[in-house]
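With chain A's structure known, arrange chain B on it following the hints.
Protein chains in written order, with this note's numbering: chain A, -10 to 251; chain B, -12 to 400.
Treat the hints loosely; a few may be bogus.
From the structure, some residues in chain B lie toward chain A, with a derived Cβ separation under 8 Å [stated by the list, open to error]: (1) A232; (2) H234; (3) E272; (4) L274.
Cβ-Cβ distance ranges computed for the label pairs, FRET-style [unchecked claim]: (5) G139(B) with E227(A): 50 to 60 Å; (6) G266(B) with E123(A): 53 to 63 Å; (7) I359(B) with A194(A): 54 to 64 Å; (8) A148(A) with V357(B): 32 to 42 Å; (9) P30(A) with R363(B): 12 to 22 Å; (10) L138(B) with D187(A): 47 to 57 Å; (11) G241(B) with R5(A): 22 to 32 Å; (12) V12(B) with D187(A): 42 to 52 Å.
Hint data in this document are derived by calculation from the structure and do not stem from the laboratory. For glycine and all other residues, C-beta sits at the position ideal for the given N, C-alpha and C.
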Amino acid sequence: MTENEDLVRVQGLTRRFGGLTAVDSLDFEVRAGEILSLIGPNGAGKTTVFNIISGIYPPTSGQILFKGENIAGLKPDRVQRKGISRTFQTLRLFANMSVLENVLVGYHSRLHSNLFGDIVKPPWVVKAEKEAVERSREVLGRLSPRLLSRQEFRASDLAYADRRLLELARALVSDPALLLLDEPTAGMNPTEAAEFMDHIRHIHADGFTILLIEHNLNVVMGVSHRIVVLDYGTKIAEGTPDEVRSNERVIEAYLGRKAASA
Amino acid sequence: MVTPSWRERIDHWRDSRALRRIAAVVVVIAAFLYPLVASSGTGLDTATVAEVFILLALGLNIVVGFAGLLDLGYAAFFAIGAYTTALLASTHFAIGNQTHTSLLLSYGPNGVHVNFFLLIPIAALAAALCGILFGAPTLRLRGDYLAIVTLGFGEIVPKVIENLGPGNSVGLPNITNGVNDITGIDSPPNINLGPIHWTFQTNDPRPWYYLGLIIVVISVIIIYRLRSSRLGRSWVAIREDEIAAAHAGINITGTRLTAFALGAAFSGFGGLLEASRLGTVDYTEFLFNFSITILVMVILGGMGSIPGAVLGGIVIAYLNQSWLTNAAAGINNFGGWLEKGPGLIHTLGVWLSGLPLASAKPMIFGIILVGIMLLRPQGLLPSGRRARELHPRTAGELAEEDSELYTVRTGEI
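Bound-form chain A, shown alone (with noise of 0.2 Å):
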């Protein structure tokens, strides 16, 4: 795939609940190895966006072309299986299993094996475990060599940032196409969210393709290459950062018309 073809393209895409559009007919593409940001205010539709994406609902209508292939309805796992990997706004690791164990979930669908592989473990099946294992913490370590020295440690243990960490490490290890972050930076502070950007330009620098819900704007602005903006469900404005920043319905949606005619 060339640099600036559409990896994903999401075209006319609609989720209603009930009487409520939370995502109304959006069109736009992710292009393979860029930084995608999807912001808008509080209620916008984006992490209806991802979730349609990621398949935990189907969409009311509309098609999410993932190189070139309807994905729209797929359930999780299945799409995960297409090589689209994603990370929660509210931190969702397997509390109890330890730091290795999470990634090592990760990697389940990189991994073959059947009911008598598991039993009776021949070596091609204990080669491809062994190999998980090294990749898990190649990941790991590459993440933070913090990480990676508390492998045993259990998930619920780790300081929040570090949580955070393990979570991308787990998105990550399964080497996917497209890589959705929902505000990873969510309850971080400002010295720990900078951190958590590095890694994402190093993620980025290492070849993924990242689309990106984020609150903090600054955080927005520093590391996207292009944004695209949801108000009520609706695409108000798309660009780079420096061509949203000054569009007058973007300044309008996040701090009231005022503001905007000042």
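Then chain B, alone, in the frame of chain A:
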């Protein structure tokens, strides 16, 4: 006292794993030597019952402990295993008037008789298939809802067995012999392998004990391997966070179904062993209260813990078969001893020795359970995971580890 560093702690944990392996070997050897020292035949009979209970606890532990699915009707699968054995290895099904005999199977007017060793996979498979049959439409449910559905299955299976007897109201032929039970179930064929001479038809309980022990040991090995496999990891992940597990690429329904089916398979082994040892099956053995008894074994031993399930099965078997009777008699005897005392103590003694405690065994059982759960809520032999859950690290411990990490790093520089 110097607190161990984080590295030492990990090393210590590894050592303890080696220690556990040694402990397991010692326990298995002791179990194989047990018949040599067992005082009487009844002692070995109880041990054989314990083996069946262990198989049941191991199987339910997969469902409840690993995958976190509360199953309140697990005895149904035990019934399937037992009745599969009863139907395929007894005089119950008379076919034609000529007997056909081959190595693993004979059938004719004297009934269908499948070889015991062929029945091992068949009973497990039958139970597993029922697990899939019950699980497929219902495993989308969660928690309390699933518990109620399994409760329903636990009620349905014995009812179906009861009502598929002779002259049943649904117009089917006699399949399960209904309330009359199925009797005359085959024993395993005699085994003569070098120094081993096992005859199952006599009153000697030792062959049964050894047969059960071998099945238990193999089951434990299989379950250990499953637990540390990709599948075992998926079970725990789903238990911990279903949505996160799905987004890690785990097929939730399929993975739960394997837990249900595999859990059922082990109760199939248990049912086979039980049916062929007793020579008879009675559907009233498999009712709701027995499902709960199996659940008690799992929780008592420590949910998610394999050694825990083994110990839970042993404790409940011995409580049921002898300890409760002994405890009741012990209290009465204690009363008899107090009777020799003066005044009030004498009165208390008379009261205690006259108490009809034989019928109060369930109460004593209940008191023991409440006591154990109060003293060890994590179970007798909890899994590492569960123990950590109940005793998380304190902020102080974490800070200490942090400072050690820092020291180690600066030391390297």
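Taking the hints in turn, this is what the structure says about them:
Hint on A232(B) holds. Least Cβ distance to chain A is approximately 7 Å, under the 8 Å limit. Look at H234(B): its Cβ gets to within about 5 Å of chain A, closer than 8 Å, so that hint holds up. With a cut of 8 Å, the hint placing E272(B) at the interface with chain A is violated, because the nearest CB-to-CB distance is about 30 Å. Among the interface hints, the one on L274(B) is violated; its C-beta lies about 31 Å from the nearest C-beta in chain A, farther than the 8 Å criterion.
Roughly 53 Å separates the CB atoms of G139(B) and E227(A), a value that falls within the hinted 50 to 60 Å. Look at G266(B) against E123(A): about 54 Å separates their beta carbons, and that is inside 53 to 63 Å. Checked against the hint of 54 to 64 Å, the C-beta distance between I359(B) and A194(A) comes to roughly 56 Å, which is consistent with it. Checked against the given bound of 32 to 42 Å, the beta carbons of A148(A) and V357(B), roughly 39 Å apart, stay inside it.
For P30(A) and R363(B), the Cβ-Cβ distance of about 52 Å falls outside the hinted range of 12 to 22 Å, so the restraint is violated. For the hinted restraint 47 to 57 Å between L138(B) and D187(A), the CB-CB distance of approximately 53 Å keeps it satisfied. At roughly 30 Å, the beta-carbon separation of G241(B) and R5(A) lies within the given 22 to 32 Å, and the hint holds. The supplied range of 42 to 52 Å is met by V12(B) and D187(A), whose beta-carbon atoms lie about 50 Å from each other.
Of the numbered hints stated above, those contradicted by the structure are hints 3, 4 and 9, listed in ascending order.
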